[in-house]
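Participant: Each chain, letter by letter, is given below.
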Amino acid sequence: KMSSPVKVFGHATSTNVARVLLCLEEVGAEYELVPVDFLAGEHNTPEHPFGKIPAFQDGDLVLFESRAIARYILRKYRTPGSPDLLGENGGAEEAAMVDVWTEVEAQQYHPAISPVVFECIIFPVMRGAKTDQKVVDESLERLRLVLGTYEERLSKSRYLAGDSFSFADLNHFPFTFYFMATPYAALLDEYPRVKAWWEDLMARPSVKRVCANMPTKF
Amino acid sequence: MGTEAKVKVFGPARSTCVARVLVCLEEVGAEYELVHVHLPAGEHKGPAHLARTLFGQVPAFQDGDLILFESRAISRYVLRKGASDLLRENSLAESATVDAWLEAESHNFDRAMSAITFQCFVVPMFMGGTTDHKIVEENMEKLKAALGVYEERLTRFKYLAGDFISLADLSHCPMAHYLLASPCASVLDAYPRVKDWVDGMMDRPSVKKVMELMDAS
Numbered sequence: 001k002m003s004s005p006v007k008v009f010g011h012a013t014s015t016n017v018a019r020v021l022l023c024l025e026e027v028g029a030e031y032e033l034v035p036v037d038f039l040a041g042e043h044n045t046p047e048h049p050f051g052k053i054p055a056f057q058d059g060d061l062v063l064f065e066s067r068a069i070a071r072y073i074l075r076k077y078r079t080p081g082s083p084d085l086l087g088e089n090g091g092a093e094e095a096a097m098v099d100v101w102t103e104v105e106a107q108q109y110h111p112a113i114s115p116v117v118f119e120c121i122i123f124p125v126m127r128g129a130k131t132d133q134k135v136v137d138e139s140l141e142r143l144r145l146v147l148g149t150y151e152e153r154l155s156k157s158r159y160l161a162g163d164s165f166s167f168a169d170l171n172h173f174p175f176t177f178y179f180m181a182t183p184y185a186a187l188l189d190e191y192p193r194v195k196a197w198w199e200d201l202m203a204r205p206s207v208k209r210v211c212a213n214m215p216t217k218f
Numbered sequence: 219m220g221t222e223a224k225v226k227v228f229g230p231a232r233s234t235c236v237a238r239v240l241v242c243l244e245e246v247g248a249e250y251e252l253v254h255v256h257l258p259a260g261e262h263k264g265p266a267h268l269a270r271t272l273f274g275q276v277p278a279f280q281d282g283d284l285i286l287f288e289s290r291a292i293s294r295y296v297l298r299k300g301a302s303d304l305l306r307e308n309s310l311a312e313s314a315t316v317d318a319w320l321e322a323e324s325h326n327f328d329r330a331m332s333a334i335t336f337q338c339f340v341v342p343m344f345m346g347g348t349t350d351h352k353i354v355e356e357n358m359e360k361l362k363a364a365l366g367v368y369e370e371r372l373t374r375f376k377y378l379a380g381d382f383i384s385l386a387d388l389s390h391c392p393m394a395h396y397l398l399a400s401p402c403a404s405v406l407d408a409y410p411r412v413k414d415w416v417d418g419m420m421d422r423p424s425v426k427k428v429m430e431l432m433d434a435s
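Protein chains in written order, with the working numbering: chain A, 1 to 218; chain B, 219 to 435.
A few of these clues could be false.
To be verified - Sample of chain A residues at the chain B side, in silico, Cβ under 7 angstroms:
#1 Phe50
#2 Lys52
#3 Gln108
#4 Leu187
Unchecked claim - Mimicking BS3-like on lysine-lysine, the simulated pairs with C-alpha atoms at most 30 angstroms apart in a straight line are:
#5 A:Lys130 <-> B:Lys360
#6 B:Lys362 <-> B:Lys263
#7 A:Lys7 <-> B:Lys352
#8 B:Lys224 <-> B:Lys299
#9 B:Lys352 <-> A:Lys134
#10 A:Lys156 <-> B:Lys299
#11 B:Lys376 <-> A:Lys52
#12 A:Lys134 <-> A:Lys195
#13 B:Lys352 <-> A:Lys130
#14 B:Lys299 <-> A:Lys52
#15 A:Lys76 <-> B:Lys299
#16 B:Lys413 <-> B:Lys224
#17 A:Lys156 <-> B:Lys224
#18 B:Lys427 <-> B:Lys413
#19 B:Lys360 <-> A:Lys134
#20 B:Lys263 <-> A:Lys156
#21 A:Lys208 <-> A:Lys52
#22 A:Lys52 <-> A:Lys134
#23 B:Lys362 <-> A:Lys52
#24 B:Lys426 <-> B:Lys376
#25 A:Lys195 <-> B:Lys263
#26 B:Lys376 <-> A:Lys76
#27 B:Lys413 <-> A:Lys7
#28 B:Lys226 <-> A:Lys156
#29 A:Lys52 <-> B:Lys413
What the hints assert, rightly or not - Rough simulated footprint, nothing fancy, chain B against chain A, three-plus residues with beta-carbon under 8 angstroms:
#30 66-75
#31 82-95
#32 143-157
By construction, these hints were calculated from the structure, which means they are not laboratory data.
Every value quoted in this text rests on a predicted model; they were computed, and no experiment measured them.
The C-beta atom is built at its ideal place from N, Cα and C for all residues, glycine as well.
Just chain A, same shape as in the assembly:
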């Protein structure tokens, strides 16, 4: 373990920052959250080539992209007592299933759920913009299809990648958390296995600690 805490650049309320903080909490690593002042253009620092948050620093290593940062944290700071969230000690097949469902979150789930969060929460709060209901309705339709597939998956598998909780499940936390603060939270009730999986995720100590810094009322 490094003697100095790692640094995460961004705000605890940001979905992608929360993804990283969640992994730090899972492995019990010490970290320092460094706020970034968007108005001062501070996010256009060399830490992040695309000028976004989070950025991350561990000694000489600087990283960007929350999923890449998260993997690094889980690999480097994993202790014998903490779960093998990447499945990398279980062999190539277990790691591959974690990778598959991590990609599914990024390529299927996120594009369906995030527009609802952007339209209902992020744009109104950050820009004073009005919700585009057409975008919300189209996204909800897409999300229904995705959740239907997840429901089927979870009827055959305890967690998304298999019988053990993994990085793939964790990745769903940030945007789903905010989705549950929109008027459409009841959608999950239509998919009982998904709902139970979500509640299981929310009960994790690491998730509770990260939630404490994320608002539910806007």
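With chain A held as given, fit chain B onto it using these hints.
Facilitator: Just chain B, lined up with the frame of chain A:
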């Protein structure tokens, strides 16, 4: 790859996601069988393919009893099983940097290029529609923003993740192939290091082989 049967890739080679996996298989010299899935006929939404992938997308992949989908997940598996150095998993710092640029490829370059190729190729050729030039222009701006970041990065390093080639670089090849074949190819002229980097990758035997499969598909 641990079993005597060849691995199988399901999907048409001309799909960039299928091609991504094929590049990795060629890089590790694995034997594989490419099983064509006819997208225009909706074969990817039929019961056989849905049983493999749940989301009805291509590619799907089979190695013995293991069935995978999502091209970047399959790519990682193929490279690990083939003991390739393209993921740099012997180094925590290097593998993380590869992961970061692979994410960047997915969220920035691929997203913009997918929208552009969908409008320029799929809509007129497969859907009988007309190209929406507004969408193309919006995504060309996003593409240029990504290329600008790459140009800066490639002034400092030979490749995206460092001075070594990795999956983060090669993941660009299938879309780059279509970009070079499109009327938008000249966008690269303003980014000379990016252009050299692309040309260099297109010259690799593995990439050349897959580009031939893409064009023949």
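Participant: Each hint: holds or not?
Facilitator: Structure-based check of each hint:
no.: 1; hint: Phe50; in the structure: holds (6 angstroms)
no.: 2; hint: Lys52; in the structure: violated (10 angstroms)
no.: 3; hint: Gln108; in the structure: holds (6 angstroms)
no.: 4; hint: Leu187; in the structure: violated (19 angstroms)
no.: 5; hint: A:Lys130 <-> B:Lys360; in the structure: holds (24 angstroms)
no.: 6; hint: B:Lys362 <-> B:Lys263; in the structure: violated (34 angstroms)
no.: 7; hint: A:Lys7 <-> B:Lys352; in the structure: violated (40 angstroms)
no.: 8; hint: B:Lys224 <-> B:Lys299; in the structure: holds (13 angstroms)
no.: 9; hint: B:Lys352 <-> A:Lys134; in the structure: holds (19 angstroms)
no.: 10; hint: A:Lys156 <-> B:Lys299; in the structure: holds (26 angstroms)
no.: 11; hint: B:Lys376 <-> A:Lys52; in the structure: holds (24 angstroms)
no.: 12; hint: A:Lys134 <-> A:Lys195; in the structure: holds (25 angstroms)
no.: 13; hint: B:Lys352 <-> A:Lys130; in the structure: holds (23 angstroms)
no.: 14; hint: B:Lys299 <-> A:Lys52; in the structure: violated (34 angstroms)
no.: 15; hint: A:Lys76 <-> B:Lys299; in the structure: holds (22 angstroms)
no.: 16; hint: B:Lys413 <-> B:Lys224; in the structure: violated (36 angstroms)
no.: 17; hint: A:Lys156 <-> B:Lys224; in the structure: holds (27 angstroms)
no.: 18; hint: B:Lys427 <-> B:Lys413; in the structure: holds (20 angstroms)
no.: 19; hint: B:Lys360 <-> A:Lys134; in the structure: holds (24 angstroms)
no.: 20; hint: B:Lys263 <-> A:Lys156; in the structure: holds (21 angstroms)
no.: 21; hint: A:Lys208 <-> A:Lys52; in the structure: holds (25 angstroms)
no.: 22; hint: A:Lys52 <-> A:Lys134; in the structure: holds (27 angstroms)
no.: 23; hint: B:Lys362 <-> A:Lys52; in the structure: holds (17 angstroms)
no.: 24; hint: B:Lys426 <-> B:Lys376; in the structure: holds (21 angstroms)
no.: 25; hint: A:Lys195 <-> B:Lys263; in the structure: holds (27 angstroms)
no.: 26; hint: B:Lys376 <-> A:Lys76; in the structure: holds (26 angstroms)
no.: 27; hint: B:Lys413 <-> A:Lys7; in the structure: violated (35 angstroms)
no.: 28; hint: B:Lys226 <-> A:Lys156; in the structure: holds (24 angstroms)
no.: 29; hint: A:Lys52 <-> B:Lys413; in the structure: holds (25 angstroms)
no.: 30; hint: 66-75; in the structure: holds (count 6)
no.: 31; hint: 82-95; in the structure: holds (count 3)
no.: 32; hint: 143-157; in the structure: holds (count 3)
In terms of the numbered hints stated before, the structure departs from hints 2, 4, 6, 7, 14, 16, 27, listed from lowest to highest.
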